[in-house]
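According to full-length UniProt numbering, the sequence shown is numbered sequentially starting from 1.
Hints in this document: simulated from the structure, not taken from any laboratory. Any given hint could turn out to be false.
[Unchecked claim] Capping the alpha-carbon separation at 30 Å, the derived lysine-lysine pairs in BS3-like fashion look like this:
| # | residue 1 | residue 2 |
| --- | --- | --- |
| 1 | K304 | K137 |
| 2 | K495 | K485 |
| 3 | K485 | K304 |
| 4 | K495 | K426 |
| 5 | K322 | K426 |
| 6 | K495 | K281 |
| 7 | K72 | K25 |
| 8 | K200 | K80 |
| 9 | K80 | K67 |
| 10 | K426 | K281 |
| 11 | K76 | K200 |
| 12 | K97 | K25 |
Remember, predicted model here, so these are calculated numbers, not experimental data.
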Amino acid sequence: MPEQGEFVGSLDCGTTSVRFIIFDKYAQIVAQHQLEFPQYYPNPGWHEQNPLEIQAHAEACIEETVKTLIVKGYTKDSVKVIGITNQRESAFVWSRKTGKPLCNAIVWDDSRTRNLVAHYEDILTTKGLEIAPGVWKKGQEGIDTLREISGLPLSTYFSATKVRWMIDNYPEVAKAHENDDLCFGTLESWLVYNLVGGVKQGLHVSEISNATRTLLFNTTTLNWDPRLFKFFGLRQSIAGDVVSTSQIYGHIAVGSLTGVPIGGLVGDQQAALIGNKCLSKGEAKCTYGTGAFLLFCTGNEIVKSDHGLLSTVAFQPGPNAKPVFALEGSISSAGSAINWLKDSMHMISSSAEVNDLAAQESTSGGVYFITAFSGLLAPYWDSSATGLMIGITQYTNPSHIARATLEATAFQTRAIIQSMVLDSGKDVESLKVDGGMTNGDLAMSILADINGSDVIRPEMRESTALGSALLAGSAIGLFGWDLTKPETLAEVNTKGTRTFKPEMSASIREKKWANWQRAIERCRGWGIGVDDEEEDLLV
1 MPEQGEFVGS LDCGTTSVRF IIFDKYAQIV AQHQLEFPQY YPNPGWHEQN PLEIQAHAEA
61 CIEETVKTLI VKGYTKDSVK VIGITNQRES AFVWSRKTGK PLCNAIVWDD SRTRNLVAHY
121 EDILTTKGLE IAPGVWKKGQ EGIDTLREIS GLPLSTYFSA TKVRWMIDNY PEVAKAHEND
181 DLCFGTLESW LVYNLVGGVK QGLHVSEISN ATRTLLFNTT TLNWDPRLFK FFGLRQSIAG
241 DVVSTSQIYG HIAVGSLTGV PIGGLVGDQQ AALIGNKCLS KGEAKCTYGT GAFLLFCTGN
301 EIVKSDHGLL STVAFQPGPN AKPVFALEGS ISSAGSAINW LKDSMHMISS SAEVNDLAAQ
361 ESTSGGVYFI TAFSGLLAPY WDSSATGLMI GITQYTNPSH IARATLEATA FQTRAIIQSM
421 VLDSGKDVES LKVDGGMTNG DLAMSILADI NGSDVIRPEM RESTALGSAL LAGSAIGLFG
481 WDLTKPETLA EVNTKGTRTF KPEMSASIRE KKWANWQRAI ERCRGWGIGV DDEEEDLLV
């Protein structure tokens with residue numbers, strides 16, 4: 001007879017794949033299934049996904065994982081609650097009347113809105129932002145005010161300009177907006193909407209950590225800001241109701257887990273912070289996946305960055321709970337740079353081989369690689385920066401380039417950590433890491449060397465999925481978990497860690513850092529005018 005257990009599920013929808021993982025109370029994986037979903041690149045710098053395909057893959061993953069659970073001898077109702085974690089800034093739009101998507105989603109790393117961002121920068125400079133009736137802030141003051149309200153700089157990275165672009169370029173989206181039929185959300189909104197019944201239920205929510213990534217949210221009032229919607233020419237009704245990170249939002253209405261509550265929603269990088277149990281002020285983690293995302297917990301205090309970082313909500317452990325904030329720095333290309341070596345340059349046949357190739361040389365041979373395939377994010381914020389490889393000589397070989405690719409992520413991590421120290425006044429003594437790139441020992445050794453501090457890698461590295469599972473369990477008090485009391489998580493994920501310590505001399509580290517900064521300056525602004533040149537050649 002099947003055994004009745006007590007487990008929590010996590011639906012982890014990243015940039016390229018979706019997974020469903022079932023955990024026990026110790027964060028041991030009981031069952032899991034993962035599927036990659038299609039990516040679309042219709043033009044240079046564009047990156048799209050089909051919302052229906054993502055939803056179908058998500059539901060398929062749940063079904064396959066439940067089948068595995070049953071094979072292992074447990075009943076399907078052993079899953080007591082699930083959480084959802086998602087790629088964040090990607091923009092999804094659908095019809096309120098039909099529940100159907102109106103176009104493909106625009107993914108977080110898509111850079112098509114570069115000109116639109118420049119347009120809004122010009123508006124801020126010349127006309128300004130209206131912060132009260134008849135009261136305008138313009139010029140640098142306007143730019144600073146937008147950032148003060150939202151916690152974010154104007155960038156192609158965030159969702160508001162993506163939605164504006166959809167309205168301006170797709171008649172069906174414009175019509176829905178005009179007729180007040182447009183629903184907008186990041187991926188967690190779309191997934192919950194469909195899992196609890198779609199148009200029949202009409203549940204349109206936006207979880208707070210995801211809402212802070214839109215350029216439409218006020219990080220002081222912790223709600224949507226009408227002034228920001230007006231600035232971007234958007235109806236506020238397109239946005240869902242803001243909800244906390246841990247509460248019961250609804251119950252699954254499709255598939256094997258019908259009736260199971262959804263109790264946790266969180267952006268993937270905040271989820272990894274929670275999964276690494278960085279719940280107290282001063283603790284930091286970095287997730288190395290397609291991009292890399294470093295979060296530094298600032299506790300119940302929001303810290304406004306003066307050094308190119310983002311102020312964001314890390315999580316809100318219940319509807320009436322105080323939110324926990326974080327400083328964040330993002331790197332647009334981390335694992336994607338390794339994929340470029342594999343798919344475009346054919347230097348390696350699998351991503352894991354990059355460490356073996358890089359290990360064939362003890363240095364990068366003077367090669368520096370700025371992996372700015374879609375511009376530079378924190379702390380530089382230059383959407384016109386492009387990829388740059390410099391220091392190439394006849395001596396350069398593929399191993400040097402592979403090593404320079406790993407170093408690129410480490411250098412960008414160091415730039416973010418330095419900004420965090422300046423903003424918070426607190427040193428980052430060690431960095432907890434997770435994500436696909438952390439499987440490589442050499443990559444982690446390089447990270448420790450470039451940063452000059454310990455890198456701590458847990459044995460169980462599904463931190464993103466675990467974060468949403470902890471939130472979901474906390475919402476119903478499963479296993480006694482309570483995110484406001486970190487001690488209740490003492491038995492979670494205690495299998496062990498490996499610490500990578502820096503071995504590079506301080507003098508070499510600082511010389512390499514100075515050369516990296518020189519290379520950064522050479523790549524900045526290069527994209528200005530180059531896109532037009534490319535379009536002329538294509539014509």
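Do the hints match the structure? See the list:
1. Between K304 and K137 the alpha-carbon distance is near 19 Å, which keeps this suggested pair within the 30 Å criterion.
2. Our distance criterion of 30 Å between C-alpha atoms is met by K495 and K485, whose separation comes to about 21 Å.
3. Using a Cα cut-off of 30 Å, the hinted pair K485 and K304 holds, with the two alpha carbons roughly 26 Å apart.
4. Pair hint K495 plus K426 holds up; C-alpha atoms about 29 Å apart against a cutoff of 30 Å.
5. Simply put, K322 and K426 have alpha-carbon atoms about 23 Å apart, close enough for the 30 Å limit, and the pair holds.
6. Using a Cα cut-off of 30 Å, the hinted pair K495 and K281 holds, with the two alpha carbons roughly 24 Å apart.
7. Under the criterion of a C-alpha separation no larger than 30 Å, the hint pairing K72 with K25 is consistent with the structure, at around 17 Å.
8. Between K200 and K80 the CA atoms are separated by roughly 24 Å; this keeps the pair inside 30 Å, and the hint holds.
9. Under the criterion of a C-alpha separation no larger than 30 Å, the hint pairing K80 with K67 is consistent with the structure, at around 16 Å.
10. Annotation: proposed proximity of K426 to K281 holds, straight-line Cα distance about 10 Å (limit 30 Å).
11. Taking the CA atoms of K76 and K200, the gap is near 25 Å; set against the 30 Å cutoff, the hint holds.
12. Of the pairs offered as hints, the one joining K97 and K25 is violated, with about 41 Å between alpha carbons and a cut-off of 30 Å exceeded.
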